[in-house]
Structure formats: structure tokens, C-alpha cells
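K.L.:
Those sequence lines, one after another, are chains A and B. So for the first sequence, this note's numbering puts the first residue at 125; every next one is plus one. So for the second sequence, this note's numbering puts the first residue at 125; every next one is plus one.
A couple of the hints might just be wrong.
Identical copies carry no separate label here, and so any pair may be met within one copy or between two of them.
Unchecked claim - Below, simulated SDA-like cross-link-like pairs (lysine to any residue); rule was C-alpha separation at most 20 Å, straight line:
1. K534 <-> P444
2. K628 <-> R199
3. K191 <-> T597
4. K648 <-> P242
5. K191 <-> R620
6. K416 <-> A494
If you're looking for bench data, these hints aren't it; they were derived computationally from the structure. The structure presented is a predicted model; accordingly, all values stated were derived computationally and were not measured.
There are 2 protein chains.
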Amino acid sequence: MRILVIGGVAAGAGAATKARRTDENAEIVLFEKGGYVSFANCGLPYYIGGVIEDRDELLLVSPELFKARFNIDVRLYNEVTDIDAAAKTITVRTPLGDVTEPYDRLIIATGGRPAILPIPGRDKAGVHTVFTVPDADRIMERLAKGAKSAVVIGGGFIGLESAENLRVRGLAVTLVEKLPQLMGNMDPEFSDVLVGELERCGVQVVTGVGVSEITGGERTDGVLLEDGRRLSADLVIMAAGVKGSTELAEKAGCRIGESGGVWVDAGMRTSVPDIFAAGDIVECVNLVTGQKVRNPLAGAANKQGRVAGANAAGGNLRFPGAVGTSILKVGGLTAARTGLNAREAAQAGLDYECLYVPGFSHATYYPDAAPLILKLTVEKQTGRLLGAQGVGRAGVDKRIDVLATAICGKMTVFDLENLDLAYTPPFSSAKDPVVLGGMIAANVVRGEVEACLPQDLPALLAEEDTVVLDVRTREEWDAGHVEGAAHLPVDELRARLGELDKRKTYAVYCGVGYRAYVACLVLKAHGFRAMNVSGGWRAIQMSV
Amino acid sequence: MRILVIGGVAAGAGAATKARRTDENAEIVLFEKGGYVSFANCGLPYYIGGVIEDRDELLLVSPELFKARFNIDVRLYNEVTDIDAAAKTITVRTPLGDVTEPYDRLIIATGGRPAILPIPGRDKAGVHTVFTVPDADRIMERLAKGAKSAVVIGGGFIGLESAENLRVRGLAVTLVEKLPQLMGNMDPEFSDVLVGELERCGVQVVTGVGVSEITGGERTDGVLLEDGRRLSADLVIMAAGVKGSTELAEKAGCRIGESGGVWVDAGMRTSVPDIFAAGDIVECVNLVTGQKVRNPLAGAANKQGRVAGANAAGGNLRFPGAVGTSILKVGGLTAARTGLNAREAAQAGLDYECLYVPGFSHATYYPDAAPLILKLTVEKQTGRLLGAQGVGRAGVDKRIDVLATAICGKMTVFDLENLDLAYTPPFSSAKDPVVLGGMIAANVVRGEVEACLPQDLPALLAEEDTVVLDVRTREEWDAGHVEGAAHLPVDELRARLGELDKRKTYAVYCGVGYRAYVACLVLKAHGFRAMNVSGGWRAIQMSV
């Protein structure tokens, strides 16, 4: 059995070693067009920022170790240029010339490459991507030579992480995102929080405006924005997303799915016999919608590589799919998501409702409790948890992982409201935000109370027969409130019902949603129509 | 509708407010025998330690707020002494004498009380429990008067938290546990880690020896241990567990289950019509075994109270049960559990296997990665996750919550190995410890590799036909290894197979289990019998 693996980072390296663990006797050769295998690409921005000090930390497994431990022949600077699926051979461009290599099983893990926007000036010196170890080396060299300013193009994971880390290095940094929001995989209201945190870190942020030109001579000196503004930049980081390198798989005749990724079954088999694929090039079942999507993330790549390697060597593992979980750290803030956000639920044609859950990392009476806000996406009729997003200063990773697990387990908000999570004051509250979210959502799904969203407030304020009612204390009202709202503290509500009008609908808000919920039930019991502005003032302000 | 609630802490307070939210028009009266309702009992040890500085932080909701916001009549210092279920009345001892109160629905949430061991001298001044606000006040008074030494009796949650916090206050503290291990709800090997951490904090620990007498005159001056040792103590904390106060429920004729708790259905209805119960007094379905058990924890009490309150007021909520999740912080260490530990799985008659997963809170190449060890309990035939325990310096709470959710969702290790958790280097690894644990366990369940436990090593070393084989590097071997083991680094294994003996079984260990796993597969492929010592040297040492 001769197993060839194309690509040596997350999916390829994992596939090769799992193939060995599945078949001790197979001949396994790994071809890598670059000079490094199994490196920590997710660590590159932090290496640039000096947070990871030692470059060797990025290099996880050496070719020598692949040989000694796994009896895998790693060939660096070997670029596979063609696949002949009929002949079961590949063509490899080696430093010594082209060679043809036969295979019994082939695993394609060519990964992705950074998208290069067709901006004039993109080829100038000083324009970099953050994708490989040599990329990082080149940026470090530029920093050592005294780069003072940078423009980062792109408001996704790598853009935000790079902007923060270059700022840590002392550069004047501007992040430019053509779309109106950062982190396009989250609902828009989360973008404002991220912009605020980047600015707090000293990064300037421009959204809704593209870059029309990278300026300078041979070397970049800045960018020209579409609105005519000019920004100085000794360094331009192109972080406009990742494109799957599917060309080789296409040459082999592998079917490409509607998502643009290589089609694979749950065993990571492509449509071509004896060819497997894994990592950034494949499409992946979204376990919430059942649809095939792109999900170019390290966690999936590792799991897919393992399954491809096992099965190429005669095993029988399955990768059922993913739920789109991802997480970002920027400054002191964490933003994460799993499942479907509101936009994705709408696109999938689902009948959904969103609810906010402002909370804290742990019991507020124990020191250092940090604020967080979760947003749940819930199927209206069934209460199925469709997705969750979160932002905060601690504990967001835990809650999103719990919610991701609940989504993988096809759980409902009725399961969440009774979820048995670990509680002690340093780590959680007696009602953990996830459990509280389950209770809030279950109350709505059961029809106990109606909810609306902070985003609905402008429309509600404009409606003749709707009153936005603030039920917080006088002190809270005085410190800031929704313009145009009425004020009646919840603790005075029963005594002052006579001041209200049964022909109106009351959109009630408080600090986080609990007092407004109590108020809504009082109003409802007395014949008023009321709805709770989900998440209250904290969600209106998105304050964490 | 007149709803009476007996008990005003977690379950009772939650029941009363949920009853109001369910029925705006009911008359709701809450009777509390003490002077406080809805206080943060889980915070008491931290208040004693000065970690929580402000006593008011412990008082979550005042009687005035119950009235204003919820129209609930809270009666402090009102002890319910009898229930006449036929007449549907209760007898209340009030400061002004006994009164009889009629009810339509009654919710019993009398909670628990600290077990007082029948040790001579237990009534002396200076012997305290840590259960109520007045308890904490008395201890604070004692500290203010210059207490210098303390003995804590009991090695459970409150014992460990109290010992640590008294030490924070500068007292010389000894914790005494009669059983051979601390935290009896975890497997024994976790106890050593906790003892080490307590000692690091300056707390002396005595296990396996009980207290035979509390010595001194009117006031305690120390304790006499069963082995004759004497310990000084200006302060003795009795933390020997919590007993459910089921007497009133028994008087009402409520059925008591085999666990000793009040029997309830999923709607928190007792066997007596119109009487509900919630909190520390009830028994609770263990969702893994289906058996009814005691589960006197705040999280369950809150959820049960909510369900009891809703249903007493005409609602229809369910509390399906719990999986026994709990967590402890001591010093810089976290210890947590969920589902069944090894002992509980054995008691339940399940065919289980345990596996260790040494890991880190996040990617080791990102700063401040902290070690942790998980131990999974897995059903052998089905791969169902039965339980998990964990100890470590960061990130244990997250993994136990994820695993608790997986258990609640009835997930298997095959689900875990592909779980879509959030990854970025500051928060996790590309293979999160939970996912890695799923892979390790799934490999064993699939029969790919055999496993044994560090605890098996003494027996294995004594067996004639078994060799314990260390496959780590020479440097690791020299730094410490299992006495009696042989040594052959994994990277030399294929070349040196001739040195091994096919009549032997090899119990292979490495640092964390991965290299030994690779070695086992190599050995197996070459006709040797091999098994992986789960968790390797880190689990053997239980080093976190």
C-alpha cells in the first residue's frame, strides 16, 4: 500500500500520521511545496506581536520526527503539479526536476491561500499576507527595519489579530474593512463592540470603505481609500480571507460542490476512487442546516485529516460535519459564535427568534466577575437551539463551547434551562448564563412572554400605538435611557397601572431583561399587551 | 389561590418568585425561620476569607424587594412546625406565638443543615458550622477577637473552602478527614493533588483519622485525633456534610425515597396532593443511571424551585434530573466532576472503562498555558460518555461543563471526537482536551488499542509475563520513571524490536499517552501484545 499525502500543515500532517497509526506497513510519503510542515499557523499573528517570543514554538513537528516516529517520508519544497487519477500517479516538481509518483491512495490537503484583492499596487514591497512561517519572517524583518505604520486590509480573524499585534509592536495601525461591519460571521451589533476594543488598543478602524490603491514607489508608503482618504503605511497586511487551493483536486477530476469546495463524503472520500481530501479545500456539512458549506478552520482540518488518513489506510472513521464554531480574542475582549447567527438562520429559511442574555463570567459577589452578552438563535416552534454568539471579557469561550456541544447534541432550550453545569462562585453563577439563556428562551417559546430586540426600538418608537417603557430605577434612568421612552420603575408598577393605556402595546426594558420580564407578566395579567426588549439596556448598549 | 412557601434560600425564594410570575393574582407567603432570605450561601467561605469584602454582597434580595417587586409576603423568624395535609394548613411559630395558616398549594423548601458529628465537646464555644449568614458573623467575630488556629473537620467542598479561607486570614489551619481521601465524590487519585495544593497554601491535612474529642473548657482549645495526636484550635469548623431537613415533609406524610430524600415527580410534586418540594430535601434523578439520588447543590435547588413555583401556581414545567456536576476551587487549583466516577460506575453495575487525558488549558505555544488532567468514564460496548473528572490550574471548568452538556445530551465518545469547539491559541488547542479525550476513548472502544490505568502498574510490575515499557526520551527517563520499568524510546522502537520478547505483554507509557499509543500500534502490528498506560507519566504523577 502506497499512500501519498499532498500538503503538510494541519490536515495533511494529521492524515499522514493517522494513516501510519492505521497501517504500520504502508509506504507513506508527504509532499509539501514549502519549507515547513505541521506549523502553528494560528500562532503567527502572536509571533508577530511578540506574544509568542520563540519562533521555534511555531514549528510543531520536524521532518526528522515524521521519519523517526512515524516512518513517513516528508519531502519539502516538493510541489505537486498534476494528478492522473486514471494512471494513479502524481507529478511532482522537486528541486531536482519533475518526477512522477504512483499511489494506491492519495490524500489531497493542499489547504488554502490568502485571497489577494485586485487592488493596484498589491505587488509592491511591504505588502504581506499572514499565512506561513516565511510570511511571518518577512514581516518580522520589516519590523526590525523600523516600520512605523501599517494598514491591515480585512476585518476578519487574521485582520483583527494582526492589527492588534502590530499595535502591540508600537506601529500606528489602521484596519480597513470594505463591508459595514467587522467579523462578517457574526451579527452586525457585535462589530461595534470589536471596533471599540480595537480603538481602546490604539488601532484606528475604518469600515464601509474599501482600499482603491496601495501607493508608493517600489515600496508601499500608504493606501488610498475609496472615499479619497490617504493613510500612511510602511506595511500593508492583506487579510481578506482564505481561498481553498482546489486546483489540484479539480485537475484530478474531483467533483466540486456548490459551495466551491471539494465534495467529500463523511469518510473524506472525494468523487474519484482512492482519492481523499481534507482541510480548507473541502466542503463540510453544517450540522444545523444539513447544507454543505466552507468551514476553513484548524479544528475541522485536524479532524478531517485524521479521518482521511485512517480511511486511506483501510480504516473506517467518519467526520459528520461541523456547526461553525469560531472564536476571536482582541485586546481584553472575546467574541465567539457557533451554529447559525440571525442572518444565517434567515438565509436557511428557518422560523427563528433571537434572544440576548447579558450576564457575567461568574457570581458578581466574587471578585473580578466580567460582563458578557450571549445572543441565542432559537427555532420558534420547536425550541431547538440553532446558534449562539457571545462577546465579553471572560468566560465567553466556555459558554460558546457549551452551546456548541448542545447544538452538536441537537438539544433544545428546554434542555438548556435544566442543564447541569458546574457552579461555585469563582467560576459561574447558580444560574449560569447558558442556563439562564435557556430559561429566557424557553419562556418565550412556551408563549409565556413576548420578546422584541433592541434593534426593533427605532421602529417601535415610531409606532403610534406602542410605548417603549423603561422600568429601571430613577438613578438608572438618569444615567442614560432610550430617547422617547416612558419611565415607570417596576417596583411601582402595580400601584401605578392606572397611568397606563390598554390601547397601547408596551415594549418594556430594564437593565438586563429580568425586571422587564416581571413587568411584562404583571402587565399581561392586567390586560395590557407587553413585550420584553431582550437583554435590556446592556444589550441596547452592547456594553461588556 | 393561596400559595405558601416554607424556606427562603435558593429553592424557596426561587419558587416564590416563579409562582408570582406564573400567577399574578395568587396570594403568596414565604416563611423563613431565620433572619435572611435569598442569601449567597456559596459565598460564605469567601466572605470569611475576606475575598468577598462586603457582607451586603451576600444578601441578594431583601424582604422589601420581595414585596415591592413580587407582591410576596416574606415572614422572617417564622418557623413552620407542622403541616396538616388533610386540613391543608400549616402551624407557624412566630415571634408573637403560634398561628395556623391555610394553603391551597404548599411548597416545602426547608433545605439542609450541616451534619453535626457526635464528637464529645461539639457544643463548646468556638465550634462553628459554615451554613448561614449568622454562622459567618460568629466566625468573623471570633477572627476579630484574635483566633490564631483552626481545625476544620471534613474534607468536602465546605471543608476545603473554609480551610483555605481561614489560612488566607493567617490562621494555622489543619483539615481533618476521617476517610482516606478528600472530596469523596471524586476518584481517590484526585485527593493527592488537592492535599498537595492545600499544603502549598499552608494548610496541614490529615486523612484517614477521625477526631475523637474537641478539647478545652467552655471554649475549645483544640482537638484530639483518634490516633492520639493533639491539634490546637481556637476555632473548630464542623464541615461534615449537609443533612436534608426532611422532618416537616415527613410530618405532612410525604413519601421519602430510598435515597432518604423527599420523593418528587418531574414536576416537583410530592406524594401528597398540593404539596411540592424542592432543593436539598428532595431526591433527584441521576440522568446517567436513572436512579434517584441526593444532589444537594445550589444549581439544582434553583432549577427545582423554579419548577415547583411554576407548577404550584398552575404551570407545567419539568425538572428532569441532574448528572451530578460539581466544582471546587482550592488555591490555584480547580477540581470538578460530572456524571459517574469509576466507583459510581462500578456501583451502578455498568461495564465501563476509564481513560486519562493530560492536556493544557490552551495551546502550549501561547503564554500561560496551564496543565490539566481529565479522566473520562466511558461505557465499553456503546462508547456512551458516563462521566468525567478533571483537575488543573485553568480551563477545567470549561471542559467539565462541555462534558456535562455532552452527558446531558446522551452523547458518545464518537460524538466527542468530532465535537466542534471554539479554537484560537489563547483559549484552546486545535484538538481541545475534550476532543482529544473523545479520540483517545473512541480508539479504545473501537478496539484499536488496549488501555490500562496508572493504578494497575503495581500489579503489572509484579506479573512475570508483563513488561512495563517507558518509551520517552533518555532525558525524560533520567528525570524520573516507574521503578522496575524498561526503557526504549519510541523513535528507536522499529529499529530495536528484536530486543523485545513476543511472549511478554508490554504495558507502555510515555509523557501523556500519545507516544505510547504510537508504540502500542507498532508493537501490535509486529505481533506483540501491548497496552497503553492511560495518561502516561503525567497521570502516573497526577501532575498539574
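K.L.:
Determine for every hint whether it applies to the structure shown.
P.N.:
Structure-based check of all given hints:
Proximity of K534 and P444 under a CA criterion of 20 Å is satisfied in both settings, with 13 Å inside one chain copy and 17 Å between copies. Within a single copy, K628 and R199 get their C-alpha atoms no closer than 74 Å, and across copies no closer than 37 Å, so neither meets the 20 Å cut-off. In the homo-oligomer, the alpha carbons of K191 and T597 lie at most 20 Å apart only across protomers (16 Å), although the nearest pairing inside one protomer, at 69 Å, exceeds that limit. For a Cα distance limit of 20 Å, the shortest separation of K648 from P242 qualifies neither inside one copy, at 57 Å, nor across copies, at 54 Å.
Only between protomers do K191 and R620 lie at most 20 Å apart by alpha-carbon distance; the minimum there is 15 Å, versus 79 Å within a single protomer. In the homo-oligomer, the alpha carbons of K416 and A494 never lie at most 20 Å apart, since the shortest distance is 37 Å inside one protomer and 36 Å across protomers.
Hints 2, 4, 6, counting from the list given before, are not met by this structure.
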